[in-house]
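Undergrad: Modelling step: build the complete structure from the supplied sequences, incorporating the hints.
Our numbering puts the first residue of the sequence shown at 22, with every later residue one more than the last.
These aren't lab readings, by the way, just hints derived from the structure by calculation.
Among these hints, one or two may not hold up.
No more than 27 Å apart at the CA atoms, straight line, and that leaves these computed lysine-lysine pairs for DSSO-like [as the list claims (entries may be wrong)]:
hint, residue 1, residue 2
1, Lys96, Lys173
2, Lys152, Lys48
3, Lys48, Lys137
4, Lys137, Lys152
5, Lys173, Lys98
6, Lys51, Lys152
7, Lys51, Lys153
8, Lys48, Lys95
9, Lys173, Lys137
10, Lys137, Lys255
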Amino acid sequence: MSSKKPRVITCRNKRGELVSEPHEITKVWKDYFQDQLEGRDEPILLQNVHTELDITADEENLPPSITEVTLAIKKLKQNNRSTGPDNISSELLKVDEQELVNALHKIMVKIRETGKIPIEWEEGSACPIFKKRDQLECRNYMGITLLNTAYKIFSNLLFARLQPYTDKVIGNYQCGFRPQRSTIEIHTLRQILEKTKEYNIKTFHLFFDFKAAYDSINRNKMVEAMTEFKIPQKNLSISRTLL
22 MSSKKPRVIT CRNKRGELVS EPHEITKVWK DYFQDQLEGR DEPILLQNVH
72 TELDITADEE NLPPSITEVT LAIKKLKQNN RSTGPDNISS ELLKVDEQEL
122 VNALHKIMVK IRETGKIPIE WEEGSACPIF KKRDQLECRN YMGITLLNTA
172 YKIFSNLLFA RLQPYTDKVI GNYQCGFRPQ RSTIEIHTLR QILEKTKEYN
222 IKTFHLFFDF KAAYDSINRN KMVEAMTEFK IPQKNLSISR TLL
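TA: Structure, rendered in structure tokens:
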């Protein structure tokens, strides 16, 4: 056995007091993540929403195809990333892809029909990643949740069906978190700013830094926005089950 003593990890609770007992530390982090992720929204009451669609009801209710599931698997990030509670890595799905695709396709179709996800998909392993400043403060950490691989596949599949609708309402001014927008837009913006400075042209910059924006999003407002964007009822209902 090693003679080295384990390093005592401490953190501060809501009152600013230092805690070092393992069970106390666990409770501090649990409370912190619950406050971040659960928010203070009222329960989401989503009634039947009748939206004007560009596709027919029959097309909207089509179950996921084998091709859709295959593409959703291919979108999984690899590079030996940490696994979720199911301990299934993205690389493992490449061993016998066709057999797994068929099995996953049946699961995805059933979820689409019932609107319910497996209870195991509600589990996740929260991992705090330090950002800056005081290491004893929970708020100075970014939470990363390790999810089940099958859940991520379904999320990719659902995202692919939602994207055609969101692309119609999101303007060209937004480049972050959108496909086919990266270095070119950054370079263009940089050139514009350099030229305005060179020719002494006034520019106004507005920068928002929302604290834990994606963690503390108002779920009710998100559902309202999706309804306003005319997201089909089926996709809207399934999205609601994932909130």
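Undergrad: Each hint should be assessed against the structure and marked as holding or not.
TA: How the hints compare with the structure:
For the given pair, lysine 96 sits about 10 Å from lysine 173 by alpha-carbon distance, which is consistent with the 27 Å threshold. Using a Cα cut-off of 27 Å, the hinted pair lysine 152 and lysine 48 holds, with the two alpha carbons roughly 21 Å apart. Restraint check for lysine 48 and lysine 137: the C-alpha separation of about 30 Å exceeds 27 Å, so the hint is violated. Proximity of lysine 137 to lysine 152 is assessed by CA-CA distance (about 36 Å); at most 27 Å being required, the pair is judged violated.
Taking the CA atoms of lysine 173 and lysine 98, the gap is near 10 Å; set against the 27 Å cutoff, the hint holds. A threshold of 27 Å between alpha carbons decides the hint, and for lysine 51 with lysine 152 the separation of about 19 Å falls inside it, so the pair holds. Proximity of lysine 51 to lysine 153 is assessed by CA-CA distance (about 21 Å); at most 27 Å being required, the pair is judged to hold. Under the criterion of a C-alpha separation no larger than 27 Å, the hint pairing lysine 48 with lysine 95 is inconsistent with the structure, at around 37 Å.
A hinted pair counts as satisfied when its Cα atoms are at most 27 Å apart, and lysine 173 with lysine 137 qualifies at roughly 15 Å. At most 27 Å may separate the alpha-carbon atoms for a hinted pair to count; lysine 137 and lysine 255 meet this at roughly 12 Å.
Checked against the numbered hints above, the structure breaks hints 3, 4 and 8 and satisfies the rest.
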